[in-house]
Each structure stands twice: as C-alpha cells, then as structure tokens.
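**Q** Sequence:
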Amino acid sequence: MQPVMTDTLGFQAEIDRQQKQIAELEQIVAQKQDEISRIALEYESAAKDMQASIHYAERIQRAVIPQYAEFKALFPDCFIYFAPRDIVSGDFYTCASSDICKIAIVADCTGHGVPGGLLSMLGMSALKDLLSKQKISSDFLPGEILDSLRKFILTSLAEADESDDTTVSDGMDFTLCVFNNEMTQIRYACANHTIYVARDGEINKLKGDRMPIGRHPKQDTPFESFTFDLQKGDMIYLCSDGIQDQFGSPDDIKFTTKRLAAMLQEHCNEDTQTQCVNFSKIVNDWKAGREQFDDQTLIGIRI
1 MQPVMTDTLG FQAEIDRQQK QIAELEQIVA QKQDEISRIA LEYESAAKDM
51 QASIHYAERI QRAVIPQYAE FKALFPDCFI YFAPRDIVSG DFYTCASSDI
101 CKIAIVADCT GHGVPGGLLS MLGMSALKDL LSKQKISSDF LPGEILDSLR
151 KFILTSLAEA DESDDTTVSD GMDFTLCVFN NEMTQIRYAC ANHTIYVARD
201 GEINKLKGDR MPIGRHPKQD TPFESFTFDL QKGDMIYLCS DGIQDQFGSP
251 DDIKFTTKRL AAMLQEHCNE DTQTQCVNFS KIVNDWKAGR EQFDDQTLIG
301 IRI
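Number 157 in our numbering belongs to position 157 of the sequence shown; there are no gaps in the numbering.
None of these hints come from the bench; they were simulated from the model.
Where hints are given, some of them may not hold.
Here are the simulated lysine to any residue pairs, SDA-like style, with alpha carbons at most 25 Å apart [as the list claims (entries may be wrong)]:
{"no.": "1", "residue 1": "72", "residue 2": "265"}
{"no.": "2", "residue 1": "218", "residue 2": "180"}
{"no.": "3", "residue 1": "151", "residue 2": "220"}
{"no.": "4", "residue 1": "254", "residue 2": "224"}
{"no.": "5", "residue 1": "218", "residue 2": "247"}
{"no.": "6", "residue 1": "133", "residue 2": "258"}
{"no.": "7", "residue 1": "232", "residue 2": "277"}
{"no.": "8", "residue 1": "205", "residue 2": "244"}
{"no.": "9", "residue 1": "72", "residue 2": "54"}
{"no.": "10", "residue 1": "205", "residue 2": "133"}
{"no.": "11", "residue 1": "258", "residue 2": "269"}
{"no.": "12", "residue 1": "281", "residue 2": "151"}
{"no.": "13", "residue 1": "102", "residue 2": "62"}
{"no.": "14", "residue 1": "135", "residue 2": "48"}
{"no.": "15", "residue 1": "218", "residue 2": "284"}
{"no.": "16", "residue 1": "254", "residue 2": "286"}
{"no.": "17", "residue 1": "232", "residue 2": "206"}
{"no.": "18", "residue 1": "207", "residue 2": "267"}
{"no.": "19", "residue 1": "48", "residue 2": "68"}
{"no.": "20", "residue 1": "207", "residue 2": "256"}
{"no.": "21", "residue 1": "32", "residue 2": "13"}
{"no.": "22", "residue 1": "128", "residue 2": "143"}
{"no.": "23", "residue 1": "128", "residue 2": "180"}
Here the structure is a predicted model, which means the values were calculated and not measured.
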C-alpha cells in the first residue's frame with residue numbers, strides 16, 4: 001500500500017504547484033489589467049485635451065471667417081453653404097469693401113482638418129494684410145493680389161523647407177471676385193477655380209488660371225484678371241471643389257462638375273435660402289452615409 005500513498009502525495013504536490021502558478025498568473029493578469037486601464041485613461045485624457053484644443057482652434061477660425069450677417073451686409077441676397085469635413089477647415093471665405101467695390105473670396109487650402117486649418121489661417125492673415133495695403137481703384141487687377149499671395153506662401157513655406165529638409169508643396173486654390181458698387185460688372189481672378197453664373201436658366205462658367213497659389217511649374221507666370229458684365233437677376237456661385245469631388249450614389253462615384261452645374265441650373269431661380277437648403281439635401285443624399293471626402297464651400301449671390 002505504500003506506493004499508493006507516495007503517488008497520492010506526489011499528485012497533491014503537483015496540484016499545489018499548478019495552483020501556485022495559476023495564482024501567480026492571475027496576479028500578473030490583474031497587474032496588466034490595471035496597467036491597461038491606466039494607459040486607457042491616459043489616452044482618454046489626452047484625446048479629450050486634443051479635442052478641446054481642436055475645438056478652440058475652430059473658435060479662432062470661425063472668429064476670423066466673416067459671420068453670415070457681415071457677408072449679407074455687402075450682398076443682401078445671398079447664401080453660404082460651408083461644411084468642413086473635420087472640426088477645422090482647409091476652406092475659407094471672406095469679404096471686404098471699399099468706396100468703389102465689394103469683394104467676395106473663396107479659398108481651398110491643401111488638406112483638411114488641422115493641417116488645412118493651419119494653412120487657411122496663414123492665407124487669411126496674409127490676405128487681410130494684402131487687401132489693407134492695396135489701393136483698390138477702378139483699374140484694380142485681382143490677379144495682382146493672387147500674385148502677391150503666392151509670393152507670400154512660397155516664401156513662408158520655403159522657410160519650412162530650410163528648417164526640416166522637406167519640400168512643402170502645399171498651397172491653395174482661390175477665387176477673388178470684385179463687384180463694382182453698381183453690381184453691373186465683376187473683375188475676377190481664379191487659381192484652379194471656376195465661377196458659375198446662372199442667367200436666364202443657363203449656366204456660364206468663368207474660368208481663370210489652371211494653377212494654384214503655391215509651388216507649380218507655372219509659378220512664375222502672373223495670374224490673369226478678367227471682367228464679366230452682370231445683369232439684374234444673375235446668380236453668381238463661388239465654390240471650392242469639395243462638392244464635385246464627393247463620392248456617393250450606389251455606384252460610389254464622384255459628384256463631378258457636370259452634376260454641380262446641373263444642380264445650380266435646376267435651382268438657380270429659387271430664392272437664395274431655398275437654394276441653400278436644397279443644395280445641402282442634394283449633397284447629403286448623394287453621400288448616402290459615406291464619409292465626407294473634403295471641406296465643402298458654396299456661396300451664391302443674387303444680382
């Protein structure tokens with residue numbers, strides 16, 4: 001019978017050893033769980049701090065971009081559709097006036113979110129300074145403002161190149177539209193943008209230069225200024241490329257400039273606020289639950 005007792009004692013010793021290992025493992029797991037919980041709380045706190053910072057950046061950006069009432073004071077019959085992809089926007093718009101004219105601007109900076117927002121703030125700051133120094137007379141050339149803005153952007157980003165040995169090729173697409181006070185003519189310049197004019201149910205496309213404000217093979221070529229005569233009842237549309245580049249529909253395709261022009265043509269005779277509501281619905285229906293691809297800006301002005 002002695003061997004049986006020995007086997008029993010050995011079996012009990014193995015159980016005790018395994019139980020000890022299990023207890024040690026449970027202790028290790030508990031420690032890891034505590035560590036994971038601590039790290040998760042740290043990440044949660046950091047995320048909240050970052051979110052708060054981004055929302056504060058949004059407040060700063062919104063303070064710089066004109067309020068609708070300010071825009072409407074210059075252009076009484078207008079709408080503004082402004083839909084950033086993220087909290088802060090790479091798109092921006094602004095307005096200004098002088099004794100002889102009213103100015104409307106839409107810009108689309110490279111990127112979106114925080115990078116686009118930083119570039120938009122740089123652009124808005126430079127633009128404000130340029131407009132304050134520019135003597136806006138009857139022979140004012142909007143292309144010269146785009147030239148000066150490009151020079152500023154290239155110089156500013158060149159400093160970044162020297163500091164980190166990278167090539168910063170970011171810039172912005174841009175529309176600068178100058179209305180005379182009688183609203184009978186616009187003088188404009190565009191960098192990779194198109195102005196749409198709805199007249200008598202038809203859409204005219206006013207195109208400028210096919211180059212951005214930034215690094216480009218044609219960056220030494222001056223931006224051209226154009227004029228276009230207006231008629232009472234015309235609808236002028238300034239926009240970034242966010243709507244036409246939005247993917248959607250069951251086929252997951254882009255909205256395209258063709259659909260944009262057709263949308264403007266279909267609704268151009270509605271009052272401006274109804275247009276804005278309808279355009280918002282059309283774009284949201286097109287997305288059909290998909291993620292927004294880019295910042296979206298569309299401004300309409302009735303003559």
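**Q** Hint by hint, where does the structure go against what was stated? Just the numbers, ascending.
**A** 2, 4, 5, 6, 9, 10, 12, 14, 15, 19, 21
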